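Asks: Spelled out from the first residue to the last, the chains are:
4 protein chains.
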Amino acid sequence: MAVHDTRSKWRRWGEDDQLGALNFITPAITAAAAASVRSGRTVSCARPLATEAAVDNPAPVAHHMIGTATEGYGADYFAIAPHGFATSHIDALCHIFHEGCVYNGYAIETVTAHGAVKLGIHHLRSGIVSRGVLIDIPRLRGVDALAPGDPIFPDELDAAEAQAGLTVGSGDVLFIRTGRWQWRALHGPWEANSSLAGLDASCLPWLHERQVAALGSDGVSDVLPSLVEGVGMPVHTVAIVAMGLHLLDNLDLEQLAETCIEEARWNFLLTIAPLVLKRGTASPVNPIAVF
Amino acid sequence: MAVHDTRSKWRRWGEDDQLGALNFITPAITAAAAASVRSGRTVSCARPLATEAAVDNPAPVAHHMIGTATEGYGADYFAIAPHGFATSHIDALCHIFHEGCVYNGYAIETVTAHGAVKLGIHHLRSGIVSRGVLIDIPRLRGVDALAPGDPIFPDELDAAEAQAGLTVGSGDVLFIRTGRWQWRALHGPWEANSSLAGLDASCLPWLHERQVAALGSDGVSDVLPSLVEGVGMPVHTVAIVAMGLHLLDNLDLEQLAETCIEEARWNFLLTIAPLVLKRGTASPVNPIAVF
Amino acid sequence: MAVHDTRSKWRRWGEDDQLGALNFITPAITAAAAASVRSGRTVSCARPLATEAAVDNPAPVAHHMIGTATEGYGADYFAIAPHGFATSHIDALCHIFHEGCVYNGYAIETVTAHGAVKLGIHHLRSGIVSRGVLIDIPRLRGVDALAPGDPIFPDELDAAEAQAGLTVGSGDVLFIRTGRWQWRALHGPWEANSSLAGLDASCLPWLHERQVAALGSDGVSDVLPSLVEGVGMPVHTVAIVAMGLHLLDNLDLEQLAETCIEEARWNFLLTIAPLVLKRGTASPVNPIAVF
Amino acid sequence: MAVHDTRSKWRRWGEDDQLGALNFITPAITAAAAASVRSGRTVSCARPLATEAAVDNPAPVAHHMIGTATEGYGADYFAIAPHGFATSHIDALCHIFHEGCVYNGYAIETVTAHGAVKLGIHHLRSGIVSRGVLIDIPRLRGVDALAPGDPIFPDELDAAEAQAGLTVGSGDVLFIRTGRWQWRALHGPWEANSSLAGLDASCLPWLHERQVAALGSDGVSDVLPSLVEGVGMPVHTVAIVAMGLHLLDNLDLEQLAETCIEEARWNFLLTIAPLVLKRGTASPVNPIAVF
Numbered sequence: 001m002a003v004h005d006t007r008s009k010w011r012r013w014g015e016d017d018q019l020g021a022l023n024f025i026t027p028a029i030t031a032a033a034a035a036s037v038r039s040g041r042t043v044s045c046a047r048p049l050a051t052e053a054a055v056d057n058p059a060p061v062a063h064h065m066i067g068t069a070t071e072g073y074g075a076d077y078f079a080i081a082p083h084g085f086a087t088s089h090i091d092a093l094c095h096i097f098h099e100g101c102v103y104n105g106y107a108i109e110t111v112t113a114h115g116a117v118k119l120g121i122h123h124l125r126s127g128i129v130s131r132g133v134l135i136d137i138p139r140l141r142g143v144d145a146l147a148p149g150d151p152i153f154p155d156e157l158d159a160a161e162a163q164a165g166l167t168v169g170s171g172d173v174l175f176i177r178t179g180r181w182q183w184r185a186l187h188g189p190w191e192a193n194s195s196l197a198g199l200d201a202s203c204l205p206w207l208h209e210r211q212v213a214a215l216g217s218d219g220v221s222d223v224l225p226s227l228v229e230g231v232g233m234p235v236h237t238v239a240i241v242a243m244g245l246h247l248l249d250n251l252d253l254e255q256l257a258e259t260c261i262e263e264a265r266w267n268f269l270l271t272i273a274p275l276v277l278k279r280g281t282a283s284p285v286n287p288i289a290v291f
Numbered sequence: 001m002a003v004h005d006t007r008s009k010w011r012r013w014g015e016d017d018q019l020g021a022l023n024f025i026t027p028a029i030t031a032a033a034a035a036s037v038r039s040g041r042t043v044s045c046a047r048p049l050a051t052e053a054a055v056d057n058p059a060p061v062a063h064h065m066i067g068t069a070t071e072g073y074g075a076d077y078f079a080i081a082p083h084g085f086a087t088s089h090i091d092a093l094c095h096i097f098h099e100g101c102v103y104n105g106y107a108i109e110t111v112t113a114h115g116a117v118k119l120g121i122h123h124l125r126s127g128i129v130s131r132g133v134l135i136d137i138p139r140l141r142g143v144d145a146l147a148p149g150d151p152i153f154p155d156e157l158d159a160a161e162a163q164a165g166l167t168v169g170s171g172d173v174l175f176i177r178t179g180r181w182q183w184r185a186l187h188g189p190w191e192a193n194s195s196l197a198g199l200d201a202s203c204l205p206w207l208h209e210r211q212v213a214a215l216g217s218d219g220v221s222d223v224l225p226s227l228v229e230g231v232g233m234p235v236h237t238v239a240i241v242a243m244g245l246h247l248l249d250n251l252d253l254e255q256l257a258e259t260c261i262e263e264a265r266w267n268f269l270l271t272i273a274p275l276v277l278k279r280g281t282a283s284p285v286n287p288i289a290v291f
Numbered sequence: 001m002a003v004h005d006t007r008s009k010w011r012r013w014g015e016d017d018q019l020g021a022l023n024f025i026t027p028a029i030t031a032a033a034a035a036s037v038r039s040g041r042t043v044s045c046a047r048p049l050a051t052e053a054a055v056d057n058p059a060p061v062a063h064h065m066i067g068t069a070t071e072g073y074g075a076d077y078f079a080i081a082p083h084g085f086a087t088s089h090i091d092a093l094c095h096i097f098h099e100g101c102v103y104n105g106y107a108i109e110t111v112t113a114h115g116a117v118k119l120g121i122h123h124l125r126s127g128i129v130s131r132g133v134l135i136d137i138p139r140l141r142g143v144d145a146l147a148p149g150d151p152i153f154p155d156e157l158d159a160a161e162a163q164a165g166l167t168v169g170s171g172d173v174l175f176i177r178t179g180r181w182q183w184r185a186l187h188g189p190w191e192a193n194s195s196l197a198g199l200d201a202s203c204l205p206w207l208h209e210r211q212v213a214a215l216g217s218d219g220v221s222d223v224l225p226s227l228v229e230g231v232g233m234p235v236h237t238v239a240i241v242a243m244g245l246h247l248l249d250n251l252d253l254e255q256l257a258e259t260c261i262e263e264a265r266w267n268f269l270l271t272i273a274p275l276v277l278k279r280g281t282a283s284p285v286n287p288i289a290v291f
Numbered sequence: 001m002a003v004h005d006t007r008s009k010w011r012r013w014g015e016d017d018q019l020g021a022l023n024f025i026t027p028a029i030t031a032a033a034a035a036s037v038r039s040g041r042t043v044s045c046a047r048p049l050a051t052e053a054a055v056d057n058p059a060p061v062a063h064h065m066i067g068t069a070t071e072g073y074g075a076d077y078f079a080i081a082p083h084g085f086a087t088s089h090i091d092a093l094c095h096i097f098h099e100g101c102v103y104n105g106y107a108i109e110t111v112t113a114h115g116a117v118k119l120g121i122h123h124l125r126s127g128i129v130s131r132g133v134l135i136d137i138p139r140l141r142g143v144d145a146l147a148p149g150d151p152i153f154p155d156e157l158d159a160a161e162a163q164a165g166l167t168v169g170s171g172d173v174l175f176i177r178t179g180r181w182q183w184r185a186l187h188g189p190w191e192a193n194s195s196l197a198g199l200d201a202s203c204l205p206w207l208h209e210r211q212v213a214a215l216g217s218d219g220v221s222d223v224l225p226s227l228v229e230g231v232g233m234p235v236h237t238v239a240i241v242a243m244g245l246h247l248l249d250n251l252d253l254e255q256l257a258e259t260c261i262e263e264a265r266w267n268f269l270l271t272i273a274p275l276v277l278k279r280g281t282a283s284p285v286n287p288i289a290v291f
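Protein chains in written order, with my numbering: chain A, 1 to 291; chain B, 1 to 291; chain C, 1 to 291; chain D, 1 to 291.
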């Protein structure tokens, strides 16, 4: 699956499809995922909203109190640009453009100053509830964390899957851990918008064949810089525009990784509940894994 | 359970407890709720974020696009004060004050201009995953919607429970439908901050005895105006400050009510995933019910 | 001067001109305006920032305190979309488009999601300091206020000028009072974006001949609805795009009108100091008249 | 004038005074300042609004376009916390607290989450129009810029005044140039909230005796760190709380300094027009000097 194949998968779910690969999540798959719950333990996959400016957070979330001790109630306000390299968020399918189009062949002119007329994040109002699978690459490699810029190739997806004792299948939501926040804790922040560990574009056919429903990472799924000449973020471009795959960026998968080890399983019930922002291009989210 | 009993339930979960009645949700209860999933159908309990000013929305959510067709990507920004009578949100336990204290006896001075030092919404990072129960009062009464100001008394909680064929128990998250949005669709918006159907304060002991873990409504749980002289929102005050009960306000329970009828069951797996806003007093949420 | 003449005046101040009719304000004109000061009395021409939602203010300014008594200092935050029918602001020349162009023939593609590459409000960094003239139409007509939708024709400009005992000339900043806020005080708010007293398009040649440097009003200069079929805001379109005339909208000219009567003069030193917002399309302003 | 004298100057302008030392600016002083204009040249004393995060700008101004080429008009939105070390702003007298009080003896409890009940910035609605005087310390010392942390003592105020050939007097607005932005251009940004050139507290009696009406600087007037043990910002504390002196912080005085040399005069007509933010603690401003 290459960038030039972008159009080949459009309309497989109809002319008016707004959900893309989330169509793989049938009610039966949701029910099966719920049935897999054993211990009832829950884990967040989100970072706290990033309110402090840093080299990897140039536009911090503004968070202000508007009611305090003196007012008789606690109340606050926040302002956020959800895309950005420090916020755990889900991209709507209108987020990425390619050759004048967004997913399913809609013209990019549908993304207006008044919001995205097509493929807005509000189409995910009913949430994503499916089987989640953690692909833990640092664990596979026996390291704390991948270095920024370190690429992941499909053979490691196969190996991590084998190590986890499962097979990624239709409707799964795949979370790829690179150990980014471990690296940041050890080495401090860096310009993450130009250097992150992540998937090489050669992983795209693998994701396509497995019929993954959504893809997330503690980075931005793409390895940065890209190894594909002339295409800055091939995973974003092909996954979102061609495959209709919702991406979740900047997740925090540290506690999830620990819990998977403790529970000795790398799959779980995963729930993702985007805010219902009409015509929005993204939502901050707090995905919850239930073991 | 009256306002003057506020202090009697503090510290039942320890001096440092930050979760209140969410402690009723044990991993076993979460697992049992997941095991109850049958059809795998999912339903949102949230309204779209309220971006348009109205008499019941004087401080609308600001939503702006910051990337459109001309920029090469879709991106946006939003600013929100989550408390307010048009936004589906969950209150943190630091939201309401009584006699100089918040829940568990912390001084209100812990709610500062830099945020809530105690009981911030970030303590719910791992989410709420439990059994949800819909109490559908309009269905019980055979009406489309309750009129603003219409109170609900405990006997109707009993009757709705019986009609639903279940018993509310420890760890349940209770959603009370008044049909507010039906009423608004028929009669237009009104000043909801002074007039809403909801629970009379006499329901508080019922909620306490059943060990409800959290409480939500399409209104604000409280009937407005309050029937308790001198106390504007007794359910907010007693439930949050005394009982440590997280409240969810301004939910949209219309589709949930229809689905309950179609599925012929009024309980479901409920997942609520607040944004991880450090020291925040609330979060907008999109609770997802799974049948 | 009609809409179809739009291009005829471009480049009179050069290919790279960013200031338009403000070029009429030479240092000599500024100095003469300063020399006209007599009493030293100062008057604001701005409304308070509109923080309360109303039918004429659907996107209110958000204003929050971020430091209060409990924090040891007072501090706050505000968020504003300066264009809008309740905020006193100055339009940058990049604000209005006509046939694919902004003022001086720049393509509208210069107005990007990253701001206006040309004609941004920051070009007014050195401020506007010139002679101001109040044209007080309610006074001319002997009424408290003009009704919404009431048009003003050029003969009234002549008459008001005569009544004021002055001649509008090159470099003057003209403020047109319609008495809007008096009307609002008497009759309550209305949907001002579709109905306001203001100038008919036939006033444009008058403004052009007098070499007015900037134009303001307590409305939006245009009469709404427009009397020109098919052109919603002909004064905005021709004044900004063709003539390079900066417009100031939603001023408060009540105190100015009273002061002019008390001082028995309808001209004054006027200072306007837009915020230096790089690539911005407008700035809220507080124009100060000095008598 | 020491910190312990704070209360001694309160109420000199009455129990209800909201303007403090701005009372020194009588209409006659305003008129005399206007009469001093010679060339008509105007100069901004503001930096562009600081939209980019940096070590001296951890909470950047958010600036978003909400109308671009594709929408048919240019429009934008910005959100700002005016206090902060990268924004040219004027402090309201409610900004600084001392021993439970703000200026004129009002209790700090008047600074609430709903804004400052007393001494809000809106009291400056009519603007500040007076004689401005530039005290150019780098010019006095023959250097490009003062180093961060470099203190200025009263003898240098006397010397700069002599060098400028004028005497600072009642109603003057004094701008102190340290060359901060030159230093930043040469050495890059630094944590300005802990290290800035500025006035030692020993300058306070000088400012008081001269009856300065307002004080500004390209820093924050105070030298940081303070030389007064236990008082972080004695100039802020005494000037604002005791003297009722409005402070302007983070001005850009580079072009002003050059113009003073070119015009061979260090006094000018100065106009400052705060936004009319009801109960606000500050306003971003663009002070304009007219020569």
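Read the hints as simulated data drawn from the structure, not as lab findings. Honestly, I wouldn't trust all of these hints.
Pairs involving identical chains hold if they fit within one copy or between any two copies, as the list cannot separate such chains.
Said to hold, decoys possible - Only pairs whose alpha carbons sit at most 20 Å apart, straight line, appear in this in silico SDA-like list of lysine to any residue:
hint	residue 1	residue 2
1	LYS118	HIS63
2	LYS118	GLY232
3	LYS9	GLU262
4	LYS9	LEU186
5	LYS278	THR167
6	LYS278	PRO225
7	LYS118	ARG38
8	LYS278	SER170
9	LYS9	LEU140
10	LYS118	TYR106
11	LYS278	THR112
12	LYS118	ARG12
13	LYS9	HIS208
14	LYS9	GLU99
15	LYS118	ASP200
16	LYS9	GLY165
17	LYS118	HIS208
18	LYS9	GLY142
19	LYS278	ALA54
20	LYS118	THR70
21	LYS278	SER39
22	LYS9	GLY100
23	LYS118	ARG265
What you are looking at is a predicted structure, and each value in this text was computed from that prediction instead of being measured.
Asks: Hint by hint, say whether it matches the structure.
Replies: Hint-by-hint comparison with the structure:
With identical chains, the CA atoms of LYS118 and HIS63 are at most 20 Å apart between copies only, with a shortest distance of 16 Å across copies and 30 Å within one. With identical chains, the CA atoms of LYS118 and GLY232 are never at most 20 Å apart, being 24 Å at best within one copy and 28 Å at best between copies. Taking the shortest Cα distances, LYS9 and GLU262 never come within 20 Å of each other, neither inside one copy (39 Å) nor across copies (34 Å). Proximity of LYS9 to LEU186 under the C-alpha cut-off of 20 Å is found in neither arrangement, the shortest distances being 42 Å within a copy and 43 Å between copies.
For the identical chains of this complex, LYS278 and THR167 are neighbours neither inside a copy (36 Å) nor across copies (37 Å), given an alpha-carbon limit of 20 Å. When the C-alpha separation of LYS278 and PRO225 is checked against a cutoff of 20 Å, the pair qualifies neither within a copy, at 33 Å, nor between copies, at 30 Å. When the C-alpha separation of LYS118 and ARG38 is checked against a cutoff of 20 Å, the pair qualifies neither within a copy, at 39 Å, nor between copies, at 32 Å. With identical chains, the CA atoms of LYS278 and SER170 are never at most 20 Å apart, being 28 Å at best within one copy and 36 Å at best between copies.
Proximity of LYS9 to LEU140 under the C-alpha cut-off of 20 Å is found in neither arrangement, the shortest distances being 32 Å within a copy and 48 Å between copies. In this assembly of identical chains, LYS118 and TYR106 lie within 20 Å of each other by CA distance solely inside one copy; the values are 7 Å within and 31 Å between copies. Proximity of LYS278 and THR112 under a CA criterion of 20 Å is satisfied intra-copy only: 13 Å inside one chain copy versus 22 Å between copies. Taking the shortest Cα distances, LYS118 and ARG12 sit within 20 Å of each other inside one copy (17 Å), while across copies they are farther apart (44 Å).
Proximity of LYS9 to HIS208 under the C-alpha cut-off of 20 Å is restricted to the intra-copy arrangement: shortest distance 10 Å within a copy versus 54 Å between copies. For the identical chains of this complex, LYS9 and GLU99 are intra-copy neighbours only, at 15 Å inside a copy versus 38 Å across copies, given an alpha-carbon limit of 20 Å. With identical chains, the CA atoms of LYS118 and ASP200 are never at most 20 Å apart, being 29 Å at best within one copy and 39 Å at best between copies. Within a single copy, LYS9 and GLY165 get their C-alpha atoms no closer than 30 Å, and across copies no closer than 47 Å, so neither meets the 20 Å cut-off.
For the homomeric pair LYS118 and HIS208, neither the shortest alpha-carbon distance inside one copy (23 Å) nor that between copies (44 Å) is at most 20 Å. For a Cα distance limit of 20 Å, the shortest separation of LYS9 from GLY142 qualifies neither inside one copy, at 37 Å, nor across copies, at 48 Å. Taking identical chains as interchangeable, the C-alpha atoms of LYS278 and ALA54 lie at most 20 Å apart only when they sit on different chains, with a minimum of 17 Å there against 30 Å within one chain. For the homomeric pair LYS118 and THR70, the shortest alpha-carbon distance between copies (16 Å) is at most 20 Å, but the shortest distance inside one copy (45 Å) is not.
Taking the shortest alpha-carbon separations for LYS278 and SER39, neither the intra-copy value of 36 Å nor the inter-copy value of 28 Å comes in at or below 20 Å. Within a single copy, LYS9 and GLY100 get their C-alpha atoms as close as 16 Å, which meets the 20 Å cut-off; across copies the closest is 36 Å, which misses it. Taking the shortest alpha-carbon separations for LYS118 and ARG265, neither the intra-copy value of 38 Å nor the inter-copy value of 34 Å comes in at or below 20 Å.
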